[in-house]
Structure formats: C-alpha cells, structure tokens
Amino acid sequence: MGLVDKSRLPAPLTKLFNMSRSYSLWVYQWGLACCAIEMGAAFGSPRYDVMRLGVIPLPASPRQADFVCVSGTVTDKMAPAVKRLWEQMPEPKYAISMGSCANCGGPYWDSYSVTKGVDQIIPIDVYVPGCPPRPEALLEGVVLLQQRIKNEDMAAKWRGDEFTTLQRTRAMEAGEVDRDGELINVPTAPTLETAQAVDSVRPEPIVVGGGPIE
Amino acid sequence: MAPLSDDTTIKDGPSTDAPAALPGDGLREGIIDNLRSHIGEAIVDTKITPNDDLWIRVSTEAWLTAGQALKNAGFTYFCFLSGLDWMPSPYGTGEEDPDDEPKEPDTEIVQGYTGGETRFQVFARLTDLNRHVGVTIKADVPDDRLVMESWSHLFAGANWHERECHEMYGIGFDNHPDLRNMYLPGDFEGYPLRKDFPLLARMVKPWPGIVDVEPMPAEDEAESPVDDKGDES
Amino acid sequence: MTLTDRQQLSYIASQAADARLNVELETEGMTLNIGPQHPATHGTLRIICRLDGEQVVWAEPVAGYMHRGYEKLTEVRTFPQVTTLVNRIDWLGSFANEVPFILAAEKLMEIEAPPRAQVIRTILFELSRIANVSLFLGDLGVQMGAITPVFLAFRDREYILNLIEGATGGRFHPNFDRIGGLKDDLPKGWIEETRGAVKKLEQFCDTIDDLLFGNEIFQSRMRGIGIIPADIATDYGLSGANARASGIDWDLRRDQDIPLSYDLADWKVWTHPDGDSWARCWIRLQETRESCKIVTQLLDQIPAGPVMTKVPRIIKVPEGEAWVSTENPLGEMGYYVVSKGGLGPFRVKIRSASFNNISIVPWALKGVYVPDVITILASLYFILGDIDR
Ligand code: SF4
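Protein chains in written order, with the numbering used here: chain G, 1 to 214; chain E, 1 to 233; chain R, 1 to 389.
Since no wrong hints were added, every one of them can be taken at face value.
As a list, the in silico SDA-like pairs of lysine to any residue whose alpha-carbon atoms are at most 25 Å apart:
#1 E/Lys195 x R/Gly341
#2 R/Lys366 x E/Leu179
#3 G/Lys116 x R/Val62
#4 E/Lys71 x E/Asn34
#5 R/Lys268 x E/Asp128
#6 G/Lys83 x E/Asn181
#7 R/Lys340 x E/Trp86
#8 R/Lys183 x G/Gly130
These are computed hints drawn from the structure, not numbers from a lab. This structure is a prediction, so every number in the text was calculated from the model and none was measured.
When you get a sec, could you build the whole thing from the sequences and use the hints?
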C-alpha cells in the first residue's frame, strides 16, 4: 500500500477504508487459561455470536489476523511465544487483553512465574477487566476497538506512528508535531521529554467499563 | 444406545453400594504390621487418626524398599509424591500487618505428624484400590545431601512427580532417568517452594495485612454469621 | 492379567517402535512439534513427537506454560482466601475444586457442614461436572473435524452456567464454599429451574450419543486406539474416567467416606474393559447422564435448615495434617493440607488429576500413527491449569 502511507488520503476515502477494515476483522484467539473458555463462548457459541459484529474468529494463522485477543494468564515461559506471535502478525494490528491476568496479573499478582500484565510484552489497545469477564464484556471491547479503528488516521497507522486524527490535531495545536505527523524538534538522543512527547501522541488504551486498569 | 456400538463389551458397573465395611483402624494396624515384617526397624514412626487416615515414616535408606513392600502388599495405585520444607518462612506468612513492629522470625523447625529430624522431607501417597485404603508415607531427606532413591522404576507415575519435586525443592533423586525442569524456564534461579524463596512482588508491595472483619450492622457481635433462612424453595 | 487382542497388538506396535529407534532407519526420522498454542491441545500444552514415517517413536509433553505457582501462593494466603485461588485450577469445573480443600480444612477443625449445605454442595459439584464434561463432549468432535457438537455444547452449557450463576453469582469461579457450609442459601425458584435445565442436558447427551458415538468415522478413529491396560493405569496414577475405562472399578464418590450426599441418590459407576480412546469418551458420556440423575434425585431431598454452622469470625485451623480427595470431573483431585495453627496453611500439596493423567502420554503415544495422537490426547482429557497448577 505504498499509496496510503506516502500521500495523504482524502478524508472520505479514509472513512470508507476504515469502515471496511473495522467490519472485517479477523481475530486470532490466543486463549491461555480460564478466560479462554469465556472467549470461546463469545467467539464460538451461537448465543453470543461475534460474527454479527463483523469479526471473524478462527483464522488459520496469526499471519492472517487483524487483531489478537490475549485472554488468560501469561506466564514467563509463555511470554516469548506471545511476543513471537505478535511479531508474526501483519500491520496494522491491534490487541485486546482480556481478563485480570492478562491486564495485570490478577489473582497471581505475587506469583513467581506469572508475567504481571501482557502489556509488558505487546502494546494493548483495549483492556477488558474481569475474572473472567463475561462474554458481553468482551463483545463491548470489540465494539470499542472498532470505534477506534473507524477514527484512525490510516496513513499514520500504515507508517507505524500510531495515533488517531483527533490526537494528531491536538498534537498539532500543541505544536508537538508538524502537519505530516513528524515530531518537531526531536533531539537525536532520546530523552525523558521526547519519550513523553511520543507517549502523548500514542493512543490511550481503552478500558471497558472505564476506570483504572485492574 | 448408539446403533453401531458394540454392546457386548460393555459391562455395567456395580451399583452404588459402598463396600460392606469401610476399612477400620484394625486394617490400618494390619498394614503397619505387614510392612514391619518386610522392612523391620526401618519404620521410624506411625500415626493413625481414628477412622480416617494412616501415616508411616520410614528411614531414608528404606524409602525405596518401603515403596516396594507397599506395592507388593496391594498399594498399586500411585497418587502423588512431593516434598515438605519444615523451616518456618523467614518472610512471614503474609498475614501480618505491615505497620506492626516486625516480629523476630521464628526459626525453630517443627515437623508435623510422625516427626522427623531434618528440614526437608519427601512424602508420597499410595492407595489400595481393593481394600479402599490409602497411606501417606514419609521419609527424611538428609540435610547434607539432598538426595533420595528414585521411585520412578517402581511407579512409572513417580517420574513426573520427582521432576516436580526436584524443581521445587532441589531434592535430587538417584537413578531418575531425566531430572529436567518441568515448569519453569531453564534460566530460573532458586527453588520456589523452599520457604526461604522470596516472593518479590510481595516484598515490593506488602499485603495490607488481615483486615479485621467488621460485623454486619444487623448482626449480633458475639455470634458468628449463621445463615438460617431455612427452606425457602 | 490377561491382555485382549487389541492390547497385544498395541504392545507389539510399541515394541516395534522401540526397536526402530535403535536400528539404522530406512525411513527418515522427523521431529514434529505440536503447540504450545494449537487448536487441538485444550490450552497451551506442547507435545514433541519424533516420527518415523507416519509412526510416533517417541513423544513427550512439555508442560509448564501455565504454571502459576499455586502451592507457593497458598502459603501466603489465609484459608478463606485459598478457595478463591483454587477455583482456577480446573477452570471448567470450578466449584468441584473448592470442595476437597474446604473438606480438608473442616476435617482439621473437626466441624462438619449442616446437612442442607452438604446436599447443595453435592448438587453444585455435579452441576460443575456436567458443565465440564459437556464441553469435553463437544470439543471431542472438533478434534476430529466435526464442528457441530461444539456449538451444541456451548449452547447447552449455558443452561448450567446460568444455574451456577443464579446460585453463586459467578458463571465460572463461584467461590461459594465456606469453611463450615455455604455462603448463601439457594435462591427462590432455583430448584424448578434446575430440573428443566438438567432435562435439556440429558437431551444433549442423547444428541451427542447419536451424533458422535453413533458415527462410523468417530468409531473407527477411536476404537482400539490408545489402549491403556489396567496395571499401567494404576502405575501412572490414572484416575477418574480414564481409570474406569481400563476396567478399574474405583470411584471416590462411592468408595470413600466423605461428607457429601452421594449415598442419598441411586446411581451407577460405569466401567469398560477395553481401555481404548472410545471407552474413555463413552464413560464420560455415561457419567454425565449419571450426574444428571444424581442432581434430579437430590433436588427432591434437600433438607431444611441452615447452610452454615457456627464458625469463628476469623478462622484459625488447628495444627495437623489432612488429606482429602474427591472424584472431580477430571479424576481424583486432592489436597494435602498442613496447618501450623495459623490463619493460613503451612503447606498445601495439590494433587490434580490431569498431572497424572497426562504423564502417561509418552507411554501411550509410542507406536501410534500421527492422526491418532490427537484423538488419544483428546480422550485422555486434560485441562492445562490442572496439569501445571
Ligand atoms: S483473569 Fe481470572 S478467569 Fe481470566 S485467566 Fe485469569 S484467573 Fe482465569
């Protein structure tokens, strides 16, 4: 897609592309523990039926997937595999973290073998809290993710700087980035300030139900 | 029934009657006597809780022969094998209020049922499926050399349990085919189930301690919560 | 002990596999890695198989991708807090995990739950068995390429989950058992609802019986595959349906004296002499039916009275050691609890069924063909949390 990332797309076209992307999401299910069963209920059962939202479960490999749903306990032994899976997925990619374990360690907050939060390994877009979250909560997370995709600046996403149109406008007003989304006055050596500047243009993660990530 | 299934091979299990007499303590004493006739003075101590359970502690050297004798006596079902670390944890039990004065950690090693002389013990449980009785068998692990005789040639299932025990306590097993790590990544340091293995997350952020349960408004202070709503269905 | 023909054949195949490892191979060896994340492994188990042509000559499961350190964590929690944790060992039948731990604590404290609580406990225990095994029955089809059963299982399992949620407040992890009884009484109308739901689950069993067990492909892929003789099964400590499928007549619900109300109901323990994959699945199907029977009978016999005995507000368990195991959906699940008189346990050894059940995999996979690997694993039925703890 050289066209998309080099030039700036006209707004209606971005909208069209974003809409089509958000309603044909292939989800890779990275089910690890109890939450995987609730995820299975949400994605695989006739009662919750995620396909009506335009989300297609069960791709053959992560290379076909648009977003990954990490549900369950990530252990230190599993963490490299999760990272590898994330690297195998093609851009643009998104991640949902489902359940307290994946968010922050959950009931195993003091364990010696559990990674306290999958966001230490991969960037997370939507957190779904609960132990386990109900399938409905996961579906809400999916809907929120779709909303984010719809508001996205595709060209920026393609180039790899992840922020939405709104955030870019804000950042432009604040004088942090220029019109093409390049950071202004970035010293070559990374400092704390640049790190914060980069952070401020990264999209905030969404938490289903609001509130702190727990 | 499914039309194609081959019904002749299926036999109904017996109905739900429990065995005529559940094993009494006489049976348990018989087990000890039988074992004593095989391994003699290697039985260090025994304990019977009335109508409930049986513990036997054997000497370190007799660990394998005791397992063999019990297997010959009908205890063919291997339930589990694991270790015990009797040292009190130097980090407390996570119940203390972090605002309190830190108490002097308790260092006295007190063993449980059937006693013991060393910090580490191994214990295993075997069941006799015909007599419906189980036995817990324990042995000390010498402090200077944390190695026991392996049961993996006696009970095939002990293989994995010994691997686990090795990983968690650092207790070695002689003649074990393959004592690799089972759970933890290869570069993990320390033996997690030893009492002196710290849980780092707890050190960084201590548990607030036991929060004193406040009584519910309507409840009588002196009474414990008793639910007597009765049959409402 | 005498071996059936099938057992002899599988023995010969495994001997041949052994021999082939040692001689110069004509075919080319190959190592096949299944997992850790693979649709057929019920979670994150990894199996390494060394193949000779189409046959497995050596296989080993690599566990530990789900090790959460339960035994250590229980040492820094109080007794009531431990139930929250142990719920999550076998996550499909959560309530069943709490019961043996609570019984062990009650044994040490020398108290017993009131009769009403015991009956309700038994009902919830069996409901969680149904919830667990029904998903197994559905999943079984997926392993062999049949998609429909899993939808049926997810649909009908919801009825049971709704019941568990109605009574306990949690679909998955009820945390409803307390030392000395139950947290709460049953809600109004629950009993009637349960009767209806259990009927639906009985129909589900019949459907699965027709759809899967009556299916010729299913039978030819399951019968005579993965035979485990009885003496090997006890050696490895196989329990539950896996043991009963090898002809071992051993069910902890019947064969031990525990304060649960199984003796109030009239039910059967099923055994099967074959010990093959088919037998293991078939026994589970029958057990689900028996569970439905137990629940229906016990619903009529819930005595009146409180659901909680008097226990101190802050629970301290006297010094001692206790072992309690129950017949959980996956097999024998037990807790060896050592208390030093404190608020929390000194040591808890968790004996989970899948750990032993899966330790037989290197033996059972020797000499089988690659497609059978999946059916044997499926029929042994393990849950990762239950292996790794
Ligand atoms: S958040 Fe709770 S339900 Fe989900 S995997 Fe963790 S323990 Fe299991």
